[in-house]
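Below, each chain spelled out in residue letters.
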Amino acid sequence: MKRHMRDLYDRLKQAGLSPERERLIQAELAFMGEHDLPAVRSAAAVDPAKALTETVRTFYGHHDPAVLQDLDRPTSNYSQNLKSLDELLERDKQREDDGFPRKIRVGKLIKPGKSGKDKVVIVPTTVEEKFMHDRIRPPEEGDSSGGTGEGEEGEVIGEQPVHEQGAGEGGAGQGEDGAHELESSAYDLGRILTQTFQLPNLKDKGKKRSLTRYTYELTDRHRGFGQILDKKATVKRVLQTNIVLGNVPDFNNIDPGRFLIAPDDEVYRILSKEKDWESQALVFFLRDYSGSMSGKPTELVVSQHVMIYSWLLFQYARQVETRFILHDTTAKEVPDFYTYYNLKVAGGTQVSAAYELVNEMVARENLARDYNIYVFHGTDGDDWDTEGKQAIPALQEMLRYSNRVGITVAAHGYGDNRKTEVERYLTASGLLKEKPELLRLDVMAEDADEPRLIEGIKRLIS
Amino acid sequence: MELIDQHTKHIMEGCKARARDAGLRFDDESLEYYVTNRDLLELTPKGMIPTLYDYWVHDVEVLREKGRYELYPTNPYETVINTRPAISFYNDNNPDWLNVMIFYHVLAHIDFFQNNTYFQHTWNYDFTGQALSDKRLITKLRSEHGHWVDYVIEFSRGIDNLVGYFGELSRLSPKSEVDRSERLDYYFDVFLQDVKKVKASEYLKQIQHYNACRNQAGERGEDVFFADIIRQYPEFEGMYLKHKSRKQSPAPVDLLQFLLPHSAFLNRDENRWMKTVIHVVRNTSLFFQPQIRTKIMNEGWASYWHETLFLRDDRIRGHEVDFARVNAGVTTMPRVGLNPYALGMRLFYFIEDMADRGRLSWDFQRLRDARRRRDFDRDSGNGRDVIFQVRENFSDFNFLQTFVDQDFVNVNKLFVVDRRLNPARMVWEYYVRSRRVEDYRQMLLEHLYHPPHVTVDTARTTEDRLCLVHHFEGKPLVREYIANTMLGIEYLWGGSVQLETSEVKGAPAQARAVNATAAGTDVEWERVRYTMKNRELTREIIDGK
Chain A
1 MKRHMRDLYD
11 RLKQAGLSPE
21 RERLIQAELA
31 FMGEHDLPAV
41 RSAAAVDPAK
51 ALTETVRTFY
61 GHHDPAVLQD
71 LDRPTSNYSQ
81 NLKSLDELLE
91 RDKQREDDGF
101 PRKIRVGKLI
111 KPGKSGKDKV
121 VIVPTTVEEK
131 FMHDRIRPPE
141 EGDSSGGTGE
151 GEEGEVIGEQ
161 PVHEQGAGEG
171 GAGQGEDGAH
181 ELESSAYDLG
191 RILTQTFQLP
201 NLKDKGKKRS
211 LTRYTYELTD
221 RHRGFGQILD
231 KKATVKRVLQ
241 TNIVLGNVPD
251 FNNIDPGRFL
261 IAPDDEVYRI
271 LSKEKDWESQ
281 ALVFFLRDYS
291 GSMSGKPTEL
301 VVSQHVMIYS
311 WLLFQYARQV
321 ETRFILHDTT
331 AKEVPDFYTY
341 YNLKVAGGTQ
351 VSAAYELVNE
361 MVARENLARD
371 YNIYVFHGTD
381 GDDWDTEGKQ
391 AIPALQEMLR
401 YSNRVGITVA
411 AHGYGDNRKT
421 EVERYLTASG
431 LLKEKPELLR
441 LDVMAEDADE
451 PRLIEGIKRL
461 IS
Chain B
1 MELIDQHTKH
11 IMEGCKARAR
21 DAGLRFDDES
31 LEYYVTNRDL
41 LELTPKGMIP
51 TLYDYWVHDV
61 EVLREKGRYE
71 LYPTNPYETV
81 INTRPAISFY
91 NDNNPDWLNV
101 MIFYHVLAHI
111 DFFQNNTYFQ
121 HTWNYDFTGQ
131 ALSDKRLITK
141 LRSEHGHWVD
151 YVIEFSRGID
161 NLVGYFGELS
171 RLSPKSEVDR
181 SERLDYYFDV
191 FLQDVKKVKA
201 SEYLKQIQHY
211 NACRNQAGER
221 GEDVFFADII
231 RQYPEFEGMY
241 LKHKSRKQSP
251 APVDLLQFLL
261 PHSAFLNRDE
271 NRWMKTVIHV
281 VRNTSLFFQP
291 QIRTKIMNEG
301 WASYWHETLF
311 LRDDRIRGHE
321 VDFARVNAGV
331 TTMPRVGLNP
341 YALGMRLFYF
351 IEDMADRGRL
361 SWDFQRLRDA
371 RRRRDFDRDS
381 GNGRDVIFQV
391 RENFSDFNFL
401 QTFVDQDFVN
411 VNKLFVVDRR
421 LNPARMVWEY
431 YVRSRRVEDY
441 RQMLLEHLYH
451 PPHVTVDTAR
461 TTEDRLCLVH
471 HFEGKPLVRE
481 YIANTMLGIE
491 YLWGGSVQLE
501 TSEVKGAPAQ
511 ARAVNATAAG
521 TDVEWERVRY
531 TMKNRELTRE
541 IIDGK
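Here the protein sequences line up with chains A and B, keeping their order. Residues in the first sequence are numbered consecutively from 1, following this note's numbering. Residues in the second sequence are numbered consecutively from 1, following this note's numbering.
Please note: incorrect hints may appear among the correct ones.
Lysine to any residue pairs mimicking SDA-like chemistry, simulated, CA-CA at most 20 Å apart [to be verified]: (1) A:Lys103 with B:Asn484; (2) A:Lys433 with B:Asn484; (3) B:Lys533 with A:Gly151; (4) A:Lys93 with B:Lys46; (5) A:Lys103 with B:Val528; (6) A:Lys236 with B:His147; (7) A:Lys103 with B:Tyr481; (8) A:Lys103 with B:Lys413; (9) B:Lys413 with A:Val127; (10) A:Lys93 with B:Lys413; (11) B:Lys46 with A:Val127; (12) A:Lys93 with B:Leu260; (13) A:Lys103 with B:His58.
Partial selection, computed: residues in chain A whose CB lies under 8 Å from chain B [stated by the list, open to error]: (14) Tyr60; (15) Phe225; (16) Gly226.
Source of the hints: derived by calculation from the structure; they are not laboratory data. Note that CB positions come from ideal geometry on N, CA and C, so glycine has one too.
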């Protein structure tokens, strides 16, 4: 693979590269690393300094129940929270109607867990805003705290890694049964997000498949008994019967007093089980896992895709099929979201590789006929193919059959405000303006927070 | 929640008797409950007060990553609550010896609640009862006004950290007024010395003259004296009255108090009910204020006593090792971090020792010779009395400010720890920054709870514009919280709201002043004014000093 990258680099170089481009590409080439799944952390590997959580560093993190009796506040699990969630969300919606901003943040992924067995848990959260003091301290310097024991002034007494597992980590560092955990809680996250989203441009396509879901509706009619008397139908039948019986001699002067009513003439509506038919959709998730994605951009892209994935899982249940594609200079399909979520970053960047793979898969399996196709692509906007010479044609091809392509650019704060390559060639191609219904671009800064992510999803699929 | 069993209650009563013998003072009655995890889940957002009013935020996990304690001043979350009778909560499977230790800890807390003067506004009523009636009141209001009640709660809570707690305290303990003439004080202390700037001989002559008047005319001597003075200084009476009027400016009111009578919106007939809600929020906030301001003392005091009394207790023979293990977990000074139990307890021991040796005295303080300081021992033996006085009259701030000195830092091997990024290895390095008491004390004080000082600028406030001033204390406000807080104030005020505050020059909209302080250089401040009008926030720079 390294050789492949070298070749590509040489070709690009021959075509001419700006010094800055060259620097970025060199950086990615130099990025040591392979795309493996992160190693499962063992309890022993946890640094003792890690015990230094934020809470112990202030006075007010201590309290009697925990310190004396081990009675720490139990973290409420999400199912408990979900119980009242509908009500809370209802209230939150009400706020908007009353002219106040929403306050409940949903889908907060917190990852507690001892001995490295982290877990994704969803809770609704909120902030009680007040006037309060902020600190004016750069993040490079920590907050000072108290200490006891030996040590000269200036002496280093301990270390703590900045990133728990090194910078190349893609996701949450799940334990062995991580995939399962992710799925089950993702389902709940989706349930929350469902309030906000809906797949755009959904069309009826191909063979319909039913969910295992049924709805009960009062659509069927039944004579003789049922839940609700269908008056209009009953009157019709009564009239028919009486016409046959000769009780209606003059149509212009009907006398219902002479009618006979047979029990069989009463038409009722009756509860019946209806299969819920829905159009089917296929969603491609594309993630740039090149070396430049290290750190924040990957985290952002991955968490946004977690949200989209969760929401799809819930809203469209098994009706929506998902495919996962990772790309650096080449693209490959991975079997499940877990792998997609966790594979580490390395290598160079060639966006077109991923697009071409999607096109190829769609063509090969003739997916466009039966499915509504959605593509979500997450990248840092960096592309060795600076002008999108390959990416744009591939994208145009893709737009022909897809219902929506959503591209998320989690831009690096390289210090300058210049646009990223992907952004630039997309804008230059005019596709964004031409087909706003089909193609959406969302650019966020590296320090985007969760509401921003949700905002981004809205932008992509609205 | 159920009461503890008779056996355990019997142990508690035994603890009470022993604690009393040691000098602790507290009410006879107390209530102890077993709690389950489920109970805790409901209790903790309510500050462990079972009867606190219902509020939807309590049902939601609250974000705590930022400024945890500044944000949650009213989240004391303790085993024991300051009510009448005091209520405490226990795990139902604690062994007896552990309960003995916790009971002593709890009794010391109760003693602290009931004797520390910072709690005096909570002494005359039972907060659980009050909270219960408030809760019923709010439930009733909800049935009448629906979800608007929750907005009023939310917006009042948005400013409940600005309550004038100290104003409340000073109202409760007015300055001790000796029965003496203010006019006389003014004449001798201010008028002669500051206004007339008379010489010492003249001053003494005046005193003699006054004494002569007293001797001649007795009770009426003062009047006779001032009759003479007015002849000498005709302007005196006028200046005295002016001085007096200046001194008697009305007691300052906090923002919530200000809104109650002055907000046109709240005083409309259909909105009057909101004022009761505001009252409830304000009183609740006041109730919790002393708790967070005495955290270190309170925990230190409780730890001091559970250690002292447990070791003396004859009922728990054979559990010394168990105790040692648990106690060490509670009261060990962490290598890095701050533990209020450990710090407070050590400071109480330190004060006791100092007092026992007569070192809390001018004689010791002025000694500069290291050896003589080391050997100084007056054997005054009043350490216990002194720490009882300290628990009565101090809060965390003056406790640390007064008693943390270089000796204390040395004896306990304390230091200020800081961390820096090692970019080469991508690790945080923790290092010893200083062992000087000045730095250590400063670090401690910076960690103390300190809400911003925000007052109403009454001069500039008009019918529809409320002007707030944040008095600058070297820290900006958290910017992302300003909008919603002011939105709430605007609602309660019924007109536009302005806030003057100081911010770091050129700080990005969300982030803190990263660049400005990166090199540890001084930051530049500018005065800005936020205006919330029709639910829109605007910001302008008014003084880029």
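Structure-based check of each hint:
Restraint check for Lys103 (chain A) and Asn484 (chain B): satisfied, since their Cα atoms lie roughly 10 Å apart, inside the 20 Å limit. Distance hint between Lys433 (chain A) and Asn484 (chain B) is unfulfilled; the C-alpha atoms sit about 36 Å from each other, more than 20 Å. Between Lys533 (chain B) and Gly151 (chain A), the direct Cα distance comes to roughly 55 Å. Violation of the 20 Å bound is thereby established for this hinted pair. Pair hint Lys93 (chain A) plus Lys46 (chain B) does not hold up; C-alpha atoms about 25 Å apart against a cutoff of 20 Å.
Distance restraint check for Lys103 (chain A) and Val528 (chain B): the Cα-Cα separation of roughly 26 Å exceeds the 20 Å cut-off, and the hinted pair is therefore not satisfied. Among the hinted pairs, Lys236 (chain A) with His147 (chain B) is inconsistent with the structure: their alpha-carbon atoms are about 49 Å apart, more than 20 Å. In summary, the hint linking Lys103 (chain A) to Tyr481 (chain B) is supported, as the alpha carbons are separated by about 12 Å, within the 20 Å threshold. The straight-line distance between the Cα atoms of Lys103 (chain A) and Lys413 (chain B) is roughly 46 Å, outside the 20 Å bound, and the hint therefore fails.
Our distance criterion of 20 Å between C-alpha atoms is broken by Lys413 (chain B) and Val127 (chain A), whose separation comes to about 39 Å. In summary, the hint linking Lys93 (chain A) to Lys413 (chain B) is not supported, as the alpha carbons are separated by about 55 Å, beyond the 20 Å threshold. About 16 Å separates the Cα atoms of Lys46 (chain B) and Val127 (chain A), which keeps this hinted pair within 20 Å; it holds. Taking the CA atoms of Lys93 (chain A) and Leu260 (chain B), the gap is about 29 Å. The hint is violated against a cut of 20 Å.
Restraint check for Lys103 (chain A) and His58 (chain B): satisfied, since their Cα atoms lie roughly 13 Å apart, inside the 20 Å limit. Checking Tyr60 (chain A) against chain B: minimum C-beta separation of about 4 Å stays under 8 Å; hint holds. Below 8 Å, beta-carbon pairs count as interface contacts, and Phe225 (chain A) has none with chain B, the closest being about 43 Å; its hint is therefore violated. Of the supplied interface hints, the one on Gly226 (chain A) is violated, with its beta-carbon coming no nearer than about 39 Å to a beta-carbon of chain B, more than 8 Å.
When each numbered hint is compared with the structure, violations occur for hints 2, 3, 4, 5, 6, 8, 9, 10, 12, 15, 16.
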